[in-house]
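Each chain is listed here by its residues.
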Amino acid sequence: MRKIHWLDWMILALLLLFAGYVWTRIEGTLNYKWRWEIIPQYLLHYDQDQGRWTAGILMEGLLNTIRISVLASILALVLGTILGLARCAQNLAVRMLARTYLELLRNIPSIVVIFIFYFFLSEQLIAAFNIDGWARDIARGENAWLWQVFFGDMRRFPSLVSGILVLALFESAFVGEIIRAGIQSIPRGQREAAQSLGLPWRDEMRFVVLPQAMHKIVPPLANQSITLVKNSAIVSLISVHDLTYRTLALVSSTRAIFEAWITTALIYGGLCFLLSLLFRRLEKGSDR
Amino acid sequence: MTDLTPIIQMTDVSRIFGDFRALDRVSLSVLPGERVVVCGPSGSGKSTLIRCLNRLESHDSGTIIVDGIELGEDTRDIRAVRQEVGMVFQQFNLFPHLTVLENLTLGPIRVRRMSRSAAEELARNYLDRVHIPEQADKFPAQLSGGQQQRVAIARSLCMEPRIMLFDEPTSALDPEMINEVLDVMVELAGTGMTMICVTHEMGFARKVAHKMVFMEAGRIAEIAPPEAFFSNPSSARARLFLDQILEH
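Protein sequence lines, in the order shown, are assigned to chains A and D.
Read in order, the letters of the first sequence correspond to residues 1 to 288 in this note's numbering.
Read in order, the letters of the second sequence correspond to residues 1 to 248 in this note's numbering.
Hints listed in this document are in silico derivations from the structure and should not be mistaken for laboratory results.
From a predicted model like this one, the values you see are computed outputs, not experimental measurements.
Careful: at least some of the hints might be erroneous.
To be verified - Just some of the chain A residues that point at chain D, by a computed CB distance under 8 Å:
1. Leu79
2. Gly189
3. Gln190
4. Glu192
5. Ala193
6. Gln195
7. Ser196
8. Leu197
9. Gly198
10. Leu199
11. Pro200
12. Asp203
13. Phe207
14. Pro211
15. Gln212
Unchecked claim - Facing chain D, a subset of chain A residues (Cβ under 10 Å, in silico):
16. Ala194
17. Trp201
18. Val208
19. Met214
20. His215
21. Pro219
Ideal Cβ placement from N, Cα and C applies to all residues, glycine included.
Given the sequences, and given the hints that come with them, work out the whole structure.
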């Protein structure tokens with residue numbers, strides 16, 4: 001049914017009416033003064049002193065969000081695969097451990113997980129491995145620019161690492177479930193055939209089970225990575241300078257609440273929409 | 001059958017699922033080169049019996065010694081046995097994401113540590129033996145059921161096992177394809193391979209079996225040479241079973 005029905009018109013009209021109402025509330029009652037013109041400079045602005053275009057704080061935040069998302073996705077995939085395999089292990093203790101980890105992360109709100117992890121673990125880890133000093137050395141070193149491409153401002157490296165770790169741990173639980181479901185969808189006969197050839201467990205997984213499970217794993221995994229991008233906003237709570245954190249800062253300094261948050265919403269929305277388009281195309285490609 | 005030490009020795013083996021005794025104190029010995037056909041009504045424990053021999057199923061009590069190795073919890077022992085014991089399944093269980101040739105070479109390369117070229121030569125040799133050399137580069141789904149089962153037989157043979165187990169190899173096949181698989185199995189019998197077949201193909205049994213094993217309710221009800229078993233089964237249940245499957 002591609003034809004537009006009278007009901008569609010009515011729904012559209014109702015929506016417009018509602019939008020109009022919200023608009024008049026903001027315009028009239030709140031007496032909000034729109035200042036859209038100040039937003040672009042926080043994305044990209046021309047630096048007179050250096051004579052070149054530089055990223056504004058929103059753009060920097062977006063870049064950090066992308067860095068965190070990409071790195072956390074990779075880490076979550078690695079951890080999740082281990083977790084998924086552990087959930088299907090023969091050894092009971094391994095299975096129980098994996099189950100416990102999963103249930104803990106699944107049943108505690110992500111914000112609570114983040115705070116617990118940040119205050120109890122992350123600080124200790126960073127101190128123990130002297131990541132602070134190590135990052136500062138790099139920031140002063142010659143190849144600092146290369147590190148900055150991947151990790152942003154190296155002076156903020158420890159906080160970025162905490163953000164990535166927290167996010168990856170949290171998402172690995174869900175990735176693990178996706179991998180487990182994929183592995184368990186492979187018929188038993190496949191595994192028995194591999195075993196009857198005398199293949200060790202590792203080869204059975206690598207050559208028989210995982211290649212077949214891939215088809216079932218990839219689509220939900222793509223979804224999960226989009227969820228991860230959205231969830232990455234919570235790392236702003238532990239003062240990682242991501243898009244959300246920068247927006248909060250922008251709002252408190254300019255008071256352009258609506259403009260800043262609408263811009264950020266559009267950026268997140270656009271990013272995730274692009275990702276879903278990309279995954280859909282990749283999926284179509286792999287079907288052929 | 002010059003060597004008289006059994007290659008398979010099962011003693012008092014039981015396997016219990018909940019309160020169902022799939023195997024109930026089964027003892028069986030098989031000599032090298034011997035061909036055993038196991039038959040019996042469904043649910044009588046035939047499949048469980050041969051699945052215990054390469055430990056796809058674990059046994060709860062009794063001992064199983066295959067090629068000098070006692071099967072237990074030790075995974076190295078289990079894998080050592082599996083390398084010497086080939087298995088052909090009712091549902092073929094070919095790896096659908098690999099070509100026929102890759103299906104055949106996976107075991108030799110990963111388990112026997114053969115080079116790819118040597119493994120492929122071996123694989124082509126065995127594809128010849130099962131009369132489908134031209135299908136090497138196809139995927140399993142592109143083959144008929146009979147061809148798939150012959151590939152599965154070749155895949156097991158590529159490991160050059162000393163014993164072959166067949167778990168109802170023709171039960172999932174369309175009638176017109178059963179003979180091509182049985183022909184391959186008869187040819188294999190001609191090479192002196194030790195074979196244990198769970199099957200209802202009594203013509204095949206009469207032709208190749210040294211020994212018929214009739215199972216009922218988890219027990220071996222009768223062991224007899226095929227002539228005696230078919231002409232004059234000693235147990236009443238075996239007689240009834242034969243009447244039922246040979247009626248038509």
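To see whether the hints hold, each was checked on the structure:
Interface hint status for Leu79 of chain A: violated, as the beta-carbon distance to the closest one in chain D is roughly 26 Å, over 8 Å. Taking 8 Å as the C-beta cut-off, the interface hint given for Gly189 of chain A holds, the closest approach to chain D being about 4 Å. Because the closest C-beta pair between Gln190 of chain A and chain D is about 6 Å apart, less than 8 Å, the hint holds. Annotation: Glu192 of chain A was flagged as interfacial toward chain D, and the flag holds, the nearest CB pair being 5 Å apart, inside 8 Å.
This hint holds: Ala193 of chain A has a C-beta 4 Å from the nearest C-beta of chain D, less than the 8 Å allowed. For Gln195 of chain A, the interface hint holds, since its Cβ comes within 8 Å of a Cβ in chain D; the closest pair sits about 7 Å apart. For the restraint placing Ser196 of chain A at the interface with chain D, the shortest Cβ-Cβ distance is roughly 4 Å, inside the 8 Å limit, so the hint holds. Interface hint status for Leu197 of chain A: upheld, as the beta-carbon distance to the closest one in chain D is roughly 4 Å, under 8 Å.
Checking Gly198 of chain A against chain D: minimum C-beta separation of about 4 Å stays under 8 Å; hint holds. Interface hint at Leu199 of chain A: satisfied, since its Cβ lies 6 Å from the closest Cβ of chain D, which is below the 8 Å cut-off. Because the closest C-beta pair between Pro200 of chain A and chain D is about 7 Å apart, less than 8 Å, the hint holds. At about 5 Å, the closest approach between the beta carbon of Asp203 of chain A and any beta carbon in chain D falls short of 8 Å, and the interface hint on this residue holds.
Interface restraint check for Phe207 of chain A: the shortest CB-CB distance to chain D comes to about 6 Å, inside 8 Å, so the restraint holds. With its C-beta approaching chain D no nearer than about 5 Å, Pro211 of chain A sits inside the 8 Å limit, and its interface hint holds. With a cut of 8 Å, the hint placing Gln212 of chain A at the interface with chain D holds, because the nearest CB-to-CB distance is about 5 Å. Nearest Cβ of chain D to the Cβ of Ala194 of chain A: about 8 Å, under the 10 Å cut. The hint holds.
At about 8 Å, the closest approach between the beta carbon of Trp201 of chain A and any beta carbon in chain D falls short of 10 Å, and the interface hint on this residue holds. Look at Val208 of chain A: its Cβ gets to within about 6 Å of chain D, closer than 10 Å, so that hint holds up. For Met214 of chain A, the interface hint holds, since its Cβ comes within 10 Å of a Cβ in chain D; the closest pair sits about 9 Å apart. Annotation: His215 of chain A was flagged as interfacial toward chain D, and the flag holds, the nearest CB pair being 9 Å apart, inside 10 Å.
At its closest, the beta carbon of Pro219 of chain A sits 17 Å from a beta carbon of chain D; the interface hint therefore is violated under the 10 Å criterion.
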